[in-house]
Amino acid sequence: MEFTALFLAVAIVMVVAWWGTRTLALALFAATLLVSIATYLHHASDVLKLSF
Amino acid sequence: MTRSLAVTLNALGLYAIALVLLVAFAAQLVLHELPCPLCLLQRIQFAMLAVGPILNLRFGPRTSHYAVSLFTALAGATFAARQILLHVMPGDPGYGSALLGYHYYSWAFLGFAAAIVALGAMLLFDEQFREVDEPRPINAFARRAVWLVLALTLLNVISTLLECGFAACSDNPVAYELLNSRP
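As they're listed, the protein sequences go chains X and R.
Numbered according to my numbering, the first sequence spans residues 1 to 52.
Numbered according to my numbering, the second sequence spans residues 1 to 183.
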């Protein structure tokens, strides 16, 4: 569900960037990027089996 | 680099992003491979890469618009690198099919790396940032690029809704939740 919401958020950012104001588009972009990074951190729970 | 050339290159960038989203869709529909959560996050970052070029087409090239794309490409490369590291150990078959010898997340990492290089190259040319008195009309080539990327992003909204439904997406999806069938 969160990925559907993120794709929808990106589409909204595109629409605002094309038809809306620049400031609002940049603000929505920043919010969407932060949420996508938070989603990544939430899912990146598997331990990497690496040794260096 | 003139302002109009920069605008044309930004439109071409949008077509390149559309091509990446189309190939991902083709793999999903033709090879019947549903994208995993990390794969979806990388697709989302590819779609977000389009925001910078769209702003450049609408408001004219600005360094802040290229920064928007740079942050997105860095996040996307990080997500792809994480998936590469998850499958890097000897004997691990990787996730999904390989395309021309590389899995999709390896191609995604190369794509985001290429975007970072291209954005750095674009920022080298100051002439495009010079203010103009009259805003130039946006041509059909650029308008079509925006519509194409927007349509593909909306198709991803529908596809992801069908795949994940209204709950958390499966780590290893094999069927569309809302259709309750295999792809």
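Hints were generated in silico from the structure; no laboratory data involved.
Misleading hints may appear alongside valid ones.
[What the hints assert, rightly or not] Residues of chain R placed beyond 12 angstroms of chain X at every Cβ, according to the derived structure:
| hint | residue |
| --- | --- |
| 1 | L5 |
| 2 | P37 |
| 3 | R58 |
| 4 | G76 |
| 5 | N139 |
| 6 | L155 |
| 7 | G165 |
| 8 | A168 |
| 9 | A175 |
[Stated by the list, open to error] A short, non-exhaustive set of chain X residues, derived as facing chain R with CB atoms under 7 angstroms:
| hint | residue |
| --- | --- |
| 10 | F7 |
| 11 | S36 |
| 12 | A38 |
Even for Gly, the Cβ is constructed at its ideal location relative to N, Cα and C.
Cross-check of the supplied hints:
For L5 (chain R), the non-interface assignment is confirmed: its Cβ lies about 21 angstroms from the closest Cβ of chain X, beyond the 12 angstroms cut-off. Non-interface status of P37 (chain R) relative to chain X is broken: a Cβ of that chain comes within 12 angstroms, the nearest being about 5 angstroms off. Interface exclusion of R58 (chain R) from chain X breaks down, the closest Cβ pair being 6 angstroms apart, not more than 12 angstroms. A beta-carbon of chain X is positioned within 12 angstroms of the beta-carbon of G76 (chain R); the least distance is around 9 angstroms.
Under the 12 angstroms C-beta cut-off, the non-interface status given to N139 (chain R) relative to chain X holds; the minimum distance is some 14 angstroms. Once the 12 angstroms rule is applied to beta carbons, L155 (chain R) is inconsistent with being away from chain X; the minimum gap is 9 angstroms. With a cut of 12 angstroms on Cβ distances, G165 (chain R) falls inside the contact zone with chain X, its closest approach being about 7 angstroms. Once the 12 angstroms rule is applied to beta carbons, A168 (chain R) is inconsistent with being away from chain X; the minimum gap is 7 angstroms.
With a closest Cβ-Cβ approach of about 16 angstroms to chain X, A175 (chain R) is found to remain outside the 12 angstroms limit, as its non-interface label requires. Because the beta carbon of F7 (chain X) sits about 4 angstroms from the nearest beta carbon in chain R, less than 7 angstroms, this interface hint is met. The interface hint given for S36 (chain X) is met, as the beta carbon of that residue sits about 6 angstroms from the closest beta carbon of chain R, less than 7 angstroms. Annotation: A38 (chain X) was flagged as interfacial toward chain R, and the flag is violated, the nearest CB pair being 11 angstroms apart, outside 7 angstroms.
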